[in-house]
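Respectively, the protein sequence lines represent chains V and X.
For the first sequence, position 291 matches number 328 in my numbering, and the numbering has no gaps at all.
For the second sequence, position 14 matches number 28 in my numbering, and the numbering has no gaps at all.
Do not take every clue at face value.
Said to hold, decoys possible - The calculated lysine-lysine pairs, modelled on DSS-like cross-linking and capped at a C-alpha distance of 30 angstroms, are: (1) X:76 to V:245; (2) V:466 to X:76; (3) X:28 to V:434; (4) V:233 to X:19.
In case anyone wonders, no lab produced these hints; they're calculated from the structure.
All values reported here derive from a predicted model rather than from experimental measurement.
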Amino acid sequence: MEKSALQALAQKDFMSRDELESIQLARLKNIVSHAYKNQALFRSRMQEKGLDDTCIKEMKDIQKLPFFKKVDLRDTYPFGLLSVPMEDIIRLQASSGTTGSPIVIAYTREDVACWQEATMRALMIAGIGSGDIIQNAYGYGLFTGGMGLHYGAEGLGATVLPISSGNTERQIKLMSDFGVTCISCTPSYFLHIIEKAKQLGYDFKKMKLRNGIFGAEPWTNEMRQRIEEESGIKAWDIYGLTEISGPGVAMDCPARTGLHMFEDLFYPEIIDPETGEALPDGTEGELVITTLHKFGMPMIRYRTRDISVIVKGECECGRTIRRIKRIDHRNDDMLIIRGVNVFPSQIEAALLTIPGVQPHYHIIVRRHGDLDTLEVQVELSAELFGDTIRSIEVIQKKIGNAIKSIIGLAVTVTPVEPGSLERSMGKAKRVTDLRNK
Amino acid sequence: METVKQLSLFLENKPGHVYSICKTLGEAGINIYTLTLADTAQFGILRLIVEDAEASKALLEKEGFIVNIAEVLAVRIDNQPGRLAQVAEILNKEGINVEYVYAFANRHIFLYRVDDTEKAYQKLISNGFCVLSSHELFNTNK
Numbered sequence: 038m039e040k041s042a043l044q045a046l047a048q049k050d051f052m053s054r055d056e057l058e059s060i061q062l063a064r065l066k067n068i069v070s071h072a073y074k075n076q077a078l079f080r081s082r083m084q085e086k087g088l089d090d091t092c093i094k095e096m097k098d099i100q101k102l103p104f105f106k107k108v109d110l111r112d113t114y115p116f117g118l119l120s121v122p123m124e125d126i127i128r129l130q131a132s133s134g135t136t137g138s139p140i141v142i143a144y145t146r147e148d149v150a151c152w153q154e155a156t157m158r159a160l161m162i163a164g165i166g167s168g169d170i171i172q173n174a175y176g177y178g179l180f181t182g183g184m185g186l187h188y189g190a191e192g193l194g195a196t197v198l199p200i201s202s203g204n205t206e207r208q209i210k211l212m213s214d215f216g217v218t219c220i221s222c223t224p225s226y227f228l229h230i231i232e233k234a235k236q237l238g239y240d241f242k243k244m245k246l247r248n249g250i251f252g253a254e255p256w257t258n259e260m261r262q263r264i265e266e267e268s269g270i271k272a273w274d275i276y277g278l279t280e281i282s283g284p285g286v287a288m289d290c291p292a293r294t295g296l297h298m299f300e301d302l303f304y305p306e307i308i309d310p311e312t313g314e315a316l317p318d319g320t321e322g323e324l325v326i327t328t329l330h331k332f333g334m335p336m337i338r339y340r341t342r343d344i345s346v347i348v349k350g351e352c353e354c355g356r357t358i359r360r361i362k363r364i365d366h367r368n369d370d371m372l373i374i375r376g377v378n379v380f381p382s383q384i385e386a387a388l389l390t391i392p393g394v395q396p397h398y399h400i401i402v403r404r405h406g407d408l409d410t411l412e413v414q415v416e417l418s419a420e421l422f423g424d425t426i427r428s429i430e431v432i433q434k435k436i437g438n439a440i441k442s443i444i445g446l447a448v449t450v451t452p453v454e455p456g457s458l459e460r461s462m463g464k465a466k467r468v469t470d471l472r473n474k
Numbered sequence: 015m016e017t018v019k020q021l022s023l024f025l026e027n028k029p030g031h032v033y034s035i036c037k038t039l040g041e042a043g044i045n046i047y048t049l050t051l052a053d054t055a056q057f058g059i060l061r062l063i064v065e066d067a068e069a070s071k072a073l074l075e076k077e078g079f080i081v082n083i084a085e086v087l088a089v090r091i092d093n094q095p096g097r098l099a100q101v102a103e104i105l106n107k108e109g110i111n112v113e114y115v116y117a118f119a120n121r122h123i124f125l126y127r128v129d130d131t132e133k134a135y136q137k138l139i140s141n142g143f144c145v146l147s148s149h150e151l152f153n154t155n156k
């Protein structure tokens, strides 16, 4: 793409609110009409509410529309929500389906282009472009991470190394040998890369790596800080989900006050997860996204189960597209322990406030009689392990207190050997729930 | 001051751990002079005396273990009633805390890890005890 065309693309993030809102309204009308005509489930839900495709007069009318949930994708598996003829579909992607049957998303040529535009814009915010060598360590295949970042980086004229995830030693060798400037993967996998590189004697400060585009799993600010301290790179948070398109739905900016949502393509709302009522900007709730420009399988008012806030006010970076608060926990991840809501991210944040504690942890939930218990396994480092049992007991207590001060529950802290907890190449699995088993 | 370098390894309570450590050192031709294992319900600490502590540490770290080196005092104590009490008394009088102590089984040499190594060393020497250097410890063993 020409430089001027790329500049024009980047400028979309800065258009006036009036212009943006008129694009949003026109696109919403169009997508509602398209889905009403072509997506049977949407049509029947609209009819149940006594609505038809002429109901959108202003943006606020979106609040009348029915919601879609992940279960709808499962119930209509594989192609029930397809809204164009199969001949117009050029790509299928699917989620891993760890919690049931997989979900499938079908893309038209225009949908793939729209997704590419979003990832290009996301990468441009991080200053990525021609001249960068991007090691794309997201998994390639049905998972949207690999292909999504690939198309975005290639669209910008960057050099893509489509290495996919896994084979960490080779990742590090090529990163060093090729002078890679940017890596994209899950934050937990990058942590593993940092650890392995140290073992192999590589010095990140001597490499050309400057930026990391991290997403596909919730992570905390404390984790970001740890990554940046240990590797010397800038860690950018990219947000996306398969149901909406893939990575590139929203992206960090240098101000780090939230992730800008490309809202001319993906329209955000925050709702009360209990009542479904739309909440004003600045209020925490469940993020709901409408794909304004996606035709193969439009998602109208899709409930993401991610908890966020639409950040009020203007961003100091000057972008006019709104921001969502970084998503460091998902509703799905919530554990209810003795009636208390606990998110793994809270435990992560507590752990990382203690110097020397490694960002490798695993949470085990058990039920003894009527009592739920939490065990947190933490990898010990030489720094933390003195030479006596007492030194370990001190650190156990320190970690336990830090966690208790955040979640309000006592936990058992189990020190484990370094490298003994499973390293993830993709999305990290932080919790084993042994209740009801 | 003469001290001996001791390796401390953090171990989860898993079968086969001590074996793999001993095997790693054995295959590298490193002799273990003595060892002691302290354990709790959740984990254990293995302490080892080897001739080349630094090289052994590097070797075991490569195997993924957490290894720290601590300075301990190797004190020769005659096999007579009251001699151990005498050492304990000296340390107690000086307010020196013994973190742990263990022995070379057949040599009347005890390894003391204390919170004030320098002071303990001086007091033991001035009370006529023989505190061995690494050189003495390893060479009298052969």
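Do the hints match the structure? See the list:
{"no.": "1", "hint": "X:76 to V:245", "in the structure": "holds (27 angstroms)"}
{"no.": "2", "hint": "V:466 to X:76", "in the structure": "holds (26 angstroms)"}
{"no.": "3", "hint": "X:28 to V:434", "in the structure": "holds (23 angstroms)"}
{"no.": "4", "hint": "V:233 to X:19", "in the structure": "holds (29 angstroms)"}
In this structure, every one of the numbered hints holds.
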